[in-house]
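My request is simple: use the sequences and hints to build the entire structure.
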Amino acid sequence: MTLDAGDRDQAALSEADAVNAYANALAWRLTGNKTYFRQASGVLSNLAHFQGFTGGTDQDKLHAGWVGVLYGEAAEIMRSSADFRHEDITALQLMFRRAFYPQLMTPSSWNGNVDLTQINALMTLAVFNDDEVAFKLGLERLDARLATYIHVKSEPDIAPIVGDGGNLQSFWFNPVEWVDGLTQETCRDNGHHAQFGMASALNAAEIAWNQGVDVYGKHEARLVPAMELLAKQLLTGDMQGVCRQSKSSTTLFNTFEVGFHHYHHRMGLPLPNSEKLIVQRIRTDGQSVLNIFHETLTHAR
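Residue numbers are given in the working numbering: position 210 of the sequence shown equals residue 210, and the series is strictly consecutive.
Treat the hints loosely; a few may be bogus.
Said to hold, decoys possible - Okay, the calculated beta carbon distance ranges per label pair: (1) T57 / P272: 36 to 46 angstroms; (2) R85 / K247: 47 to 57 angstroms; (3) G165 / N46: 33 to 43 angstroms.
Claimed, not checked - The calculated lysine-lysine pairs, modelled on BS3-like cross-linking and capped at a C-alpha distance of 30 angstroms, are: (4) K153 / K136; (5) K247 / K232; (6) K276 / K218; (7) K153 / K218; (8) K232 / K276; (9) K247 / K276; (10) K218 / K232; (11) K218 / K136; (12) K153 / K247; (13) K276 / K153; (14) K153 / K232.
In case anyone wonders, no lab produced these hints; they're calculated from the structure. For glycine and all other residues, C-beta sits at the position ideal for the given N, C-alpha and C.
Have a look at this one:
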């Protein structure tokens with residue numbers, strides 16, 4: 001069983017299976033209903049036979065990131081049950097190393113959201129695999145990417161990174177003003193790409209936090225302004241003068257809950273734009289898709 005992520009039909013089936021696995025694992029954890037356990041277990045048992053990605057492009061890397069997060073989270077939840085057999089766990093761990101690691105270990109040369117999605121998945125799978133080496137690699141890449149994905153005026157010199165083509169102005173889609181919290185993809189579109197990039201960064205930081213590593217604190221000066229700028233743009237429909245285009249995206253994803261839970265509820269920091277966006281719009285209209293999945297359910301207070 002293999003997958004070419006460039007084939008839309010194959011990719012769609014793979015995404016549906018990953019969503020099915022995580023949604024049912026989560027439902028089992030929350031309700032104790034064994035029907036959900038059996039559904040998730042069936043998907044993961046079949047997944048253990050997956051041999052790898054065959055497309056040979058960075059679309060495979062992106063897809064491995066999207067579904068790898070969901071499969072890894074599902075497997076970690078299921079591992080807590082005595083009914084999830086040791087041999088099932090071992091088979092999944094071997095499969096993740098065989099099929100997913102090759103797509104996640106090497107950063108994509110595409111825009112930063114792809115690398116962040118890869119990192120999110122790599123750290124998720126490393127936890128399930130009890131793999132300290134892969135986890136540390138994920139942390140190193142997260143530090144490097146955040147420093148080159150979210151701008152802060154106190155550090156105006158942005159280090160080179162894979163994919164930038166040696167032209168930062170072009171790589172950042174020609175921002176008009178380099179403000180705190182500007183992301184590499186804000187001026188590309190602050191809809192799908194910027195929101196997925198932010199969600200993956202925040203989810204990776206949450207994984208690190210749960211493993212005793214404070215990425216949130218280390219990168220607070222980047223992550224909090226990025227959340228607040230993006231939220232203000234989405235609330236007002238205006239790009240706040242940072243990009244050539246003036247109108248913000250109207251597309252909303254469930255991007256903010258994880259970061260808001262940490263910075264506001266754990267740490268007590270005010271994030272007024274993020275809070276307003278979450279309460280007024282995300283919880284009613286935000287899309288829960290791919291690796292941005294049911295985060296209001298898991299992190300809202």
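Task: Hinted pair K247 and K232, Cα distance within 30 angstroms - done: OK: K247 and K232 at ~12 angstroms, within 30 angstroms.
TODO: Please work out if K153 and K136 have their alpha carbons no farther apart than 30 angstroms.
DONE: It holds: about 28 angstroms lies between the C-alpha atoms, which stays within 30 angstroms.
Open item on the list: Against the range 47 to 57 angstroms, how does the distance between the Cβ atoms of R85 and K247 compare: consistent or not?
Closed with: Since R85 and K247 have Cβ atoms about 53 angstroms apart, the given range 47 to 57 angstroms holds.
Task: Given hint K247 paired with K153 - CA-CA distance at most 30 angstroms - done: Holds, at about 24 angstroms.
Task: Agreement of K276 and K153 with the hint, judged by alpha carbon distance not exceeding 30 angstroms - done: This hinted pair holds, its Cα atoms lying about 25 angstroms apart.
Open item on the list: Hinted pair, alpha-carbon criterion (30 angstroms max): K276, K218. Please report holds or violated.
Closed with: 25 angstroms, holds
Open item on the list: Given the hinted pair K232 and K276, is their Cα-Cα distance within 30 angstroms?
Closed with: Holds, at roughly 9 angstroms.
TODO: For the pair we were handed, K218 and K136, check the Cα-Cα distance against 30 angstroms.
DONE: Given that 30 angstroms is the threshold and the Cα spacing comes to 15 angstroms, the pair holds.
Open item on the list: So if I understand the rule, the pair passes when the alpha-carbon distance is 30 angstroms or less; does K247 with K276 pass?
Closed with: 19 angstroms, holds
Task: Distance restraint hint 33 to 43 angstroms, applied to the beta-carbon atoms of G165 and N46 - done: Given a distance of about 40 angstroms, which is inside 33 to 43 angstroms, the answer is holds.
Open item on the list: I want to verify a distance hint. Is the separation of the beta carbons of T57 and P272 within 36 to 46 angstroms?
Closed with: Hint holds: Cβ distance 41 angstroms, inside 36 to 46 angstroms.
TODO: Compare the distance between the alpha carbons of K218 and K232 with 30 angstroms, and conclude whether the hinted pair is satisfied.
DONE: Holds, because 23 angstroms separates the two Cα atoms, which is no more than 30 angstroms.
Hint check: no violations occur; every hint is consistent with the structure.
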